[in-house]
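Could you put the whole structure together from the sequences, leaning on the hints where they help?
Protein sequences, first through last, are from chains D and C.
Residue 12 in this note's numbering is what sits at position 12 of the first sequence, and the numbering runs on without skipping anything.
Residue 14 in this note's numbering is what sits at position 14 of the second sequence, and the numbering runs on without skipping anything.
It is possible that part of the hints are untrue.
[Unchecked claim] Heads up, simulated SDA-like pairs for lysine to any residue below, C-alpha to C-alpha not over 25 angstroms straight-line:
#1 127(C) <-> 26(D)
#2 138(C) <-> 252(D)
#3 138(C) <-> 65(C)
#4 127(C) <-> 22(D)
#5 127(C) <-> 25(D)
#6 138(C) <-> 116(C)
To be clear, the hints were calculated from the coordinates, so they are not data collected in a lab.
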Amino acid sequence: MIASARRIWGMMYRHLALYRRSWPRLLELAYWPTLQMCIWGFTSTYIASRMAVGGQVAIGVLLGGVLLWEVALRSQMGVAISFLEEIWSRNLGHVFVSPLRPWELVAALIGMSALRMLAGVLPAALLAWALYAFNIFALGPMLVLFSLNLMVMGWWVSLGVVSLILRHGAGAEALAWSVLFGLTPFAAVFYPVDVLPSGFREVALALPAAHVFEGMRQALASGVMPWGQMAWASGLNMVWLLAAASLFAQQFRVARTRGALLSIGE
Amino acid sequence: MNAIEVTGLTKRYGDVLAVDGLDFTVPRGSTVGLLGGNGAGKTTTIAMLLGLLIPTAGRMIVLGHDMARDRFAALARMNFSSPYIALPHRLSVEENFRVYGHLYNVRNIDARIAELAAELDLGDLLKRPAGDLSAGQKTRVALAKSLLNRPDLLLLDEPTASLDPDTGDQVRGWLERYRAESNATILLASHNMAEVERLCDMVLVMKRGRIVDRGSPAALLARYGRDDLEDVFLDIARDRQAMPA
Chain D
1 MIASARRIWG
11 MMYRHLALYR
21 RSWPRLLELA
31 YWPTLQMCIW
41 GFTSTYIASR
51 MAVGGQVAIG
61 VLLGGVLLWE
71 VALRSQMGVA
81 ISFLEEIWSR
91 NLGHVFVSPL
101 RPWELVAALI
111 GMSALRMLAG
121 VLPAALLAWA
131 LYAFNIFALG
141 PMLVLFSLNL
151 MVMGWWVSLG
161 VVSLILRHGA
171 GAEALAWSVL
181 FGLTPFAAVF
191 YPVDVLPSGF
201 REVALALPAA
211 HVFEGMRQAL
221 ASGVMPWGQM
231 AWASGLNMVW
241 LLAAASLFAQ
251 QFRVARTRGA
261 LLSIGE
Chain C
1 MNAIEVTGLT
11 KRYGDVLAVD
21 GLDFTVPRGS
31 TVGLLGGNGA
41 GKTTTIAMLL
51 GLLIPTAGRM
61 IVLGHDMARD
71 RFAALARMNF
81 SSPYIALPHR
91 LSVEENFRVY
101 GHLYNVRNID
111 ARIAELAAEL
121 DLGDLLKRPA
131 GDLSAGQKTR
141 VALAKSLLNR
151 PDLLLLDEPT
161 ASLDPDTGDQ
171 VRGWLERYRA
181 ESNATILLAS
191 HNMAEVERLC
201 DMVLVMKRGR
211 IVDRGSPAAL
221 LARYGRDDLE
231 DVFLDIARDR
241 QAMPA
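Here it is as structure tokens:
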């Protein structure tokens with residue numbers, strides 16, 4: 001167990017050392033969430049100023065959506081980009097001839113993803129508080145549940161992306177940036193699931209994010225924990241996580257069969 | 001006691017038979033060379049021994065562990081160096097050693113890094129980014145990384161490629177010393193025949209995925225009636241027969 005923890009820490013240390021030496025990488029973590037917060041913050045302030053009533057709720061729904069969706073996006077990119085760093089540095093050969101188990105690599109990637117997410121989203125949350133008087137932390141324990149569910153969703157999506165990279169090589173790396181953006185219309189971040197047309201609605205309800213954002217809107221309007229939505233989000237996350245973990249295990253084995261661990265960056 | 005026991009090892013990629021039913025053993029404490037031209041199957045064989053590649057058929061017992069079922073127990077006691085696989089180039093040499101020290105669960109990493117830096121003359125390189133090193137320095141650093149966990153089995157792919165003759169000679173000296181001090185087993189693939197002749201107790205000569213000859217360097221020289229292994233290599237590569245016993 002201690003050896004396992006050391007191997008996980010070793011892989012995390014590898015990325016932390018990289019960030020210590022690369023300020024553009026550090027800047028990139030907070031750049032996009034902060035930019036998003038600026039754009040949506042001013043937009044929602046403008047919309048609220050044109051509304052007779054409910055302006056503050058509208059600001060809360062929009063900015064809460066932006067911040068929480070960034071939690072999912074940063075978590076997904078945190079895993080996928082940390083894995084890509086190994087490919088870009090052509091280091092996978094050394095990593096996989098060490099006693100590092102695949103699950104330990106995934107645990108290290110998830111650990112880095114959590115740190116990257118905090119480094120990216122916290123400045124945006126503080127900006128929302130300072131500029132638009134929106135305090136996401138007022139959600140209290142609900143924020144933890146919402147965030148955890150969105151982080152887990154980011155992780156299973158990225159496990160799927162990593163599996164595709166193992167299968168198709170670095171050619172699939174564009175998915176690391178784009179795949180969760182593609183799910184945004186179904187995540188119901190800024191509008192209720194009901195507004196989606198039939199077909200889209202079913203897809204949305206299969207995603208934990210749609211339940212989280214429905215729950216967030218309920219919570220902001222009533223201040224009550226939306227337990228039903230949280231149960232749906234957590235259950236769906238378990239199912240998707242198991243499916244993504246199986247896909248990863250399968251594609252890792254395929255990569256070892258095809259010799260892709262040595263040639264994946266080529 | 002054997003460090004490596006390989007039976008019927010085969011690797012097929014579609015229609016291409018990269019490794020064709022290898023059988024060999026590597027005794028503990030010995031240094032064995034894998035010789036062969038490009039595409040002979042050396043790297044594929046090493047990749048299978050390291051668990052990077054799943055064989056199509058065959059069995060590998062490494063340090064007493066079946067690689068199909070228990071590869072991590074063996075990998076903890078092995079290590080690998082190749083000039084063709086990089087270390088993270090933005091990290092300093094010392095940070096790289098620290099990463100791999102954790103991965104191999106090395107006790108007292110600081111002392112081990114200091115020890116290797118002294119032995120392999122890396123003191124001036126420790127704080128430099130790995131990507132800024134010359135090809136020769138990178139090879140020395142990769143070799144030091146492969147010695148971090150004091151492996152019982154060391155797999156080396158062209159350990160002295162890109163080194164000048166002086167540094168190459170020093171590296172061979174370090175490998176000889178490491179083996180003598182630790183009774184480690186070394187399996188190395190090399191195109192440097194003088195190196196193979198100096199370091200190896202036994203040579204496995206591969207061609208088109210098969211072992212076509214084997215024996216000590218002296219035995220091979222005698223069998224082919226040659227003065228150096230380079231000529232033996234050419235005889236085998238060009239299908240010239242060994243002299244009748």
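Hints, one by one, checked against the model:
no.	hint	in the structure
1	127(C) <-> 26(D)	holds (21 angstroms)
2	138(C) <-> 252(D)	violated (29 angstroms)
3	138(C) <-> 65(C)	violated (31 angstroms)
4	127(C) <-> 22(D)	holds (15 angstroms)
5	127(C) <-> 25(D)	holds (21 angstroms)
6	138(C) <-> 116(C)	holds (14 angstroms)
Violated hints for the displayed structure, listed by number in ascending order: 2 and 3.
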